[in-house]
Amino acid sequence: MKHLLSINDLTASEAISILDTAAQLENLTSGTVKKLPTLRGRTVVNLFFEDSTRTRLSFDAAAKRLSADVTNFAAKGSSVSKGESLKDTAQTLQAMGADAIVIRHSASGAAKRLAESGWVSSSIINAGDGTHEHPTQALLDAFTIRKHFGPTRTDFVGLKVAIVGDIVHSRVARSNVLLLKKLGADVTVIAPPTLIPYGIENWGVAHSFNLDDELESFDVVMMLRVQLERMNEAYFPNGREYSRGYGLDEVRLGRLKQDAIVMHPGPMNRGLEISAASADSVRSVVLEQVSNGVLVRMAVLYQLLAGADQVSTGGLL
Amino acid sequence: MSELLIKNVVITDGSKVDIRIQDDRIIAVGPNLAGEGETIDCSGLMALPGFVDLHTHLREPGKENAETVLTGSQSAVRGGYTAVSAMPNTNPVADTAGVVEQVWRLGKSAGICDVYPIGAVSAGLNGEHLAEIGAMADSAARVRIFSDDGKCVSDPLLMRRALEYVKIFDGVIAQHAQEPRLTINSQMNEGIVASELGLTGWPAIAEESIIARDILLAETVKSRLHICHVSTKGSVELIRWAKAKGIAVTAEVTPHHLILTDELARGYDPIYKVNPPLRTSDDVIALRAGLADGTIDIVATDHAPHPAEDKDCEWASAAFGMVGLETAFGVVVTTMIETGLMDWDRLVQVMSINPAQIAGYGDQGRSLTAGNIANITLVDPKRVWQVDRESLVSRSSNTPFHGSTLTGAVVHTIYRGALVLKDQKLNGGGNVSNG
Numbered sequence: 045m046k047h048l049l050s051i052n053d054l055t056a057s058e059a060i061s062i063l064d065t066a067a068q069l070e071n072l073t074s075g076t077v078k079k080l081p082t083l084r085g086r087t088v089v090n091l092f093f094e095d096s097t098r099t100r101l102s103f104d105a106a107a108k109r110l111s112a113d114v115t116n117f118a119a120k121g122s123s124v125s126k127g128e129s130l131k132d133t134a135q136t137l138q139a140m141g142a143d144a145i146v147i148r149h150s151a152s153g154a155a156k157r158l159a160e161s162g163w164v165s166s167s168i169i170n171a172g173d174g175t176h177e178h179p180t181q182a183l184l185d186a187f188t189i190r191k192h193f194g195p196t197r198t199d200f201v202g203l204k205v206a207i208v209g210d211i212v213h214s215r216v217a218r219s220n221v222l223l224l225k226k227l228g229a230d231v232t233v234i235a236p237p238t239l240i241p242y243g244i245e246n247w248g249v250a251h252s253f254n255l256d257d258e259l260e261s262f263d264v265v266m267m268l269r270v271q272l273e274r275m276n277e278a279y280f281p282n283g284r285e286y287s288r289g290y291g292l293d294e295v296r297l298g299r300l301k302q303d304a305i306v307m308h309p310g311p312m313n314r315g316l317e318i319s320a321a322s323a324d325s326v327r328s329v330v331l332e333q334v335s336n337g338v339l340v341r342m343a344v345l346y347q348l349l350a351g352a353d354q355v356s357t358g359g360l361l
Numbered sequence: 063m064s065e066l067l068i069k070n071v072v073i074t075d076g077s078k079v080d081i082r083i084q085d086d087r088i089i090a091v092g093p094n095l096a097g098e099g100e101t102i103d104c105s106g107l108m109a110l111p112g113f114v115d116l117h118t119h120l121r122e123p124g125k126e127n128a129e130t131v132l133t134g135s136q137s138a139v140r141g142g143y144t145a146v147s148a149m150p151n152t153n154p155v156a157d158t159a160g161v162v163e164q165v166w167r168l169g170k171s172a173g174i175c176d177v178y179p180i181g182a183v184s185a186g187l188n189g190e191h192l193a194e195i196g197a198m199a200d201s202a203a204r205v206r207i208f209s210d211d212g213k214c215v216s217d218p219l220l221m222r223r224a225l226e227y228v229k230i231f232d233g234v235i236a237q238h239a240q241e242p243r244l245t246i247n248s249q250m251n252e253g254i255v256a257s258e259l260g261l262t263g264w265p266a267i268a269e270e271s272i273i274a275r276d277i278l279l280a281e282t283v284k285s286r287l288h289i290c291h292v293s294t295k296g297s298v299e300l301i302r303w304a305k306a307k308g309i310a311v312t313a314e315v316t317p318h319h320l321i322l323t324d325e326l327a328r329g330y331d332p333i334y335k336v337n338p339p340l341r342t343s344d345d346v347i348a349l350r351a352g353l354a355d356g357t358i359d360i361v362a363t364d365h366a367p368h369p370a371e372d373k374d375c376e377w378a379s380a381a382f383g384m385v386g387l388e389t390a391f392g393v394v395v396t397t398m399i400e401t402g403l404m405d406w407d408r409l410v411q412v413m414s415i416n417p418a419q420i421a422g423y424g425d426q427g428r429s430l431t432a433g434n435i436a437n438i439t440l441v442d443p444k445r446v447w448q449v450d451r452e453s454l455v456s457r458s459s460n461t462p463f464h465g466s467t468l469t470g471a472v473v474h475t476i477y478r479g480a481l482v483l484k485d486q487k488l489n490g491g492g493n494v495s496n497g
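In the order they appear, the protein sequences are chains X and G.
For the first sequence, the residue numbers in my numbering are 45 to 361.
For the second sequence, the residue numbers in my numbering are 63 to 497.
Among the hints, a few may not be true.
[Claimed, not checked] Some chain X residues well away from chain G (every beta-carbon gap over 10 Å; in silico):
| # | residue |
| --- | --- |
| 1 | SER74 |
| 2 | ASP104 |
| 3 | ASP113 |
| 4 | ALA119 |
| 5 | SER129 |
| 6 | LYS131 |
| 7 | MET140 |
| 8 | THR198 |
| 9 | VAL201 |
| 10 | PRO237 |
| 11 | MET312 |
| 12 | ALA321 |
| 13 | SER335 |
[Unchecked claim] Between beta-carbon pairs, the in silico distance windows are:
| # | chain 1 | residue 1 | chain 2 | residue 2 | range |
| --- | --- | --- | --- | --- | --- |
| 14 | G | GLY160 | X | PRO237 | 50 to 58 Å |
| 15 | G | GLY308 | X | GLY248 | 44 to 52 Å |
| 16 | X | ARG299 | G | LEU278 | 48 to 56 Å |
| 17 | X | ALA321 | G | LEU278 | 52 to 60 Å |
| 18 | X | GLU258 | G | GLY308 | 50 to 58 Å |
FYI, nobody ran anything at the bench for these hints, they're computed from the structure.
Where is the CB? At the ideal position from N, CA and C, for every residue including glycine.
Turn these sequences into a full structure, and let the hints steer you where they fit.
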């Protein structure tokens, strides 16, 4: 595997292998020594054209824990604001010796373009491209689900997952739908019709306009961030009405299965798509998602840069 | 006085003839003609009236790094065109007599095909006030087609007034049908592919709702409406309905919409980014049927050159558009003739006769008979060739067909009696002075 651009790049067994590697890395770094020498001498560039705190910090921590050299490049205050193109920026970074480029960009397909245009030869990791995909988020979500519903299981058959909110604009939803389906989960996306993507019938998932219909049946409820700007684009009347229809409040929380978990990719709009009580409840695994994010991103960097053969021999060190 | 003799060429009725040209006119068509000047043996080739494009972006003035009137004319000649129509979305916009006359003069100075400027409908393409339509019509360029192409005349009142106003000189409004509110930040056809790719969709109804409205406006004010680059099945149905009612609407389809679909966007390569967007195979089939049955009147290239940097980037930042003059004939033969959907007479109608009639280009779209101006395209109808973007004559190379195999090749182009393309090579000015 040279790049991670889309969940479509992975087979189910490759995805599980990343989750297994993440689990091994968790064991190896759970002691006092959190750092492994695996990627010593390798350079990882975090190329962030969009504001992001948690994803950038997560990749930063992941690369550092594997002893890679990390360069952070944020578009603001850089030459991008002077009109430098994606191509020139990426080629500049490669000329500085980037082995891997982790890219976050507002344009859908930017990561794929970088990987396939012949501009650079580095490994490319998609850290979120527009409204397309965010594959490491889906992997860390799968890792989190697996920890709760069977740490060694190799598929999600029998698990019912709801993804709730702004599906149409969500790269998290797209990557999660692809990965959860690949692993055999039963997925329902729930949103008002304005936020359901065109052609959802072809996605191989159920969809519903009503959050209350089957709330008791889900093992996992994944809430998506809703941007209030959408209101001005007539996707919904206002935050209050959205919250009433699609927010996870205490009443809805109370209706969930005993062992159901509540997920959110962050950052949360408390009081909009999720109430504070739901966000802080015992069912919420939001902070676990954050720690798992570092492990899964370590696993991805490891598999891309250190080579998969070492995984099969268990030779993490 | 100069002479040119075309030997052993087949015409659309299947007969083999010679064509004798003196100065800018055909003087004889028949078997075994003799002449005094240059003779070209056209065995195996077919003679067609020179192609006429009603939708060409020549980029001059303003974006001479993408194309100029000269390089665009050369590209046209390479594609078998003897007339092109320069869209007004230049910088400055062609919204005054001064700018259209500049383009007109540049075309004359290039001198290898007719260059007819199209005038803007609204000043600055802003969609607010009418441009100086009358002054452009009265200018040396004699503008008869007006369009805000690239932008839609979305204000229904402005569209109504424009349709009414051009009746003074039997002009026509060429509408770029795109409801702007339904296409905010739109990147590609709204459909299954856009949805998976996370690219903002461009719904078919954004085109169809404007076409429906404009058909009704044209009926109301009894003026002539031309629909640019029809791209959806629904648009074809609306135009078919309008024609059945006798409303004066004509329509064009681009070569790329006859063959390419939105599936090509999957690699995020913006070479496939175009306005209107590539649609689905259902739409392609409907467009082919519409072109064959007369619902769609003409093929127009929407030749849209862009410098490499405007395509060598991420999809959202890339410019819309594709070059098309040099591949149009091959695409039409491949999609319409080879498939049996259309015969050669119909091809001549859609690529030469009908566009000349819609625009009123008197010396174009004429039959190959003695007395007519010699605008002739000589083609090899069976030649199979591979498109190579490096060998395009256009200053830009943004073709979506690089590496594709097409059937049907332009071999020679004769413009007003001059052999301006000979064996697929540009051939100076012949008897047309280049200054």
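Here is how each hint holds up against the structure:
1. Taking the minimum C-beta to C-beta distance to chain G, about 36 Å, the non-interface status of SER74 (chain X) holds against the 10 Å cut.
2. Residue placement check: ASP104 (chain X) keeps its beta carbon more than 10 Å from all beta carbons of chain G (closest about 24 Å).
3. With a cut of 10 Å on Cβ distances, ASP113 (chain X) stays outside the contact zone with chain G, its closest approach being about 27 Å.
4. Distance to chain G confirms ALA119 (chain X) as a non-interface residue, since its nearest Cβ pair spans about 13 Å, more than 10 Å.
5. Interface exclusion of SER129 (chain X) from chain G breaks down, the closest Cβ pair being 6 Å apart, not more than 10 Å.
6. For LYS131 (chain X), the non-interface assignment is contradicted: its Cβ lies about 6 Å from the closest Cβ of chain G, within the 10 Å cut-off.
7. For MET140 (chain X), the shortest C-beta to C-beta distance to chain G comes to about 21 Å, beyond the 10 Å cut-off, and the non-interface label holds.
8. Its beta-carbon lying about 26 Å from the closest one in chain G, THR198 (chain X) satisfies the requirement of being farther than 10 Å from that chain.
9. Every C-beta of chain G lies more than 10 Å from that of VAL201 (chain X), the closest at about 24 Å, which supports listing it as non-interface.
10. With 10 Å as the threshold on Cβ separation, the claim that PRO237 (chain X) sits away from chain G holds: the shortest Cβ distance comes to roughly 14 Å.
11. For MET312 (chain X), the non-interface assignment is confirmed: its Cβ lies about 22 Å from the closest Cβ of chain G, beyond the 10 Å cut-off.
12. Distance check for ALA321 (chain X) against chain G: the nearest CB is about 32 Å away, which clears 10 Å, and the non-interface claim stands.
13. Non-interface call for SER335 (chain X) relative to chain G: holds, since the shortest CB-CB distance, roughly 28 Å, exceeds 10 Å.
14. At roughly 51 Å, the beta carbons of GLY160 (chain G) and PRO237 (chain X) sit within the given window of 50 to 58 Å.
15. As the Cβ distance of GLY308 (chain G) to GLY248 (chain X) is approximately 48 Å, the hint placing it in 44 to 52 Å holds.
16. Checking the proposed 48 to 56 Å range against ARG299 (chain X) and LEU278 (chain G) shows it holds: the Cβ atoms sit about 52 Å from each other.
17. A beta carbon spacing of about 56 Å between ALA321 (chain X) and LEU278 (chain G) agrees with the range 52 to 60 Å that was offered as a hint.
18. Range check, GLU258 (chain X) to GLY308 (chain G): about 55 Å between beta-carbon atoms, so the 50 to 58 Å window is met.
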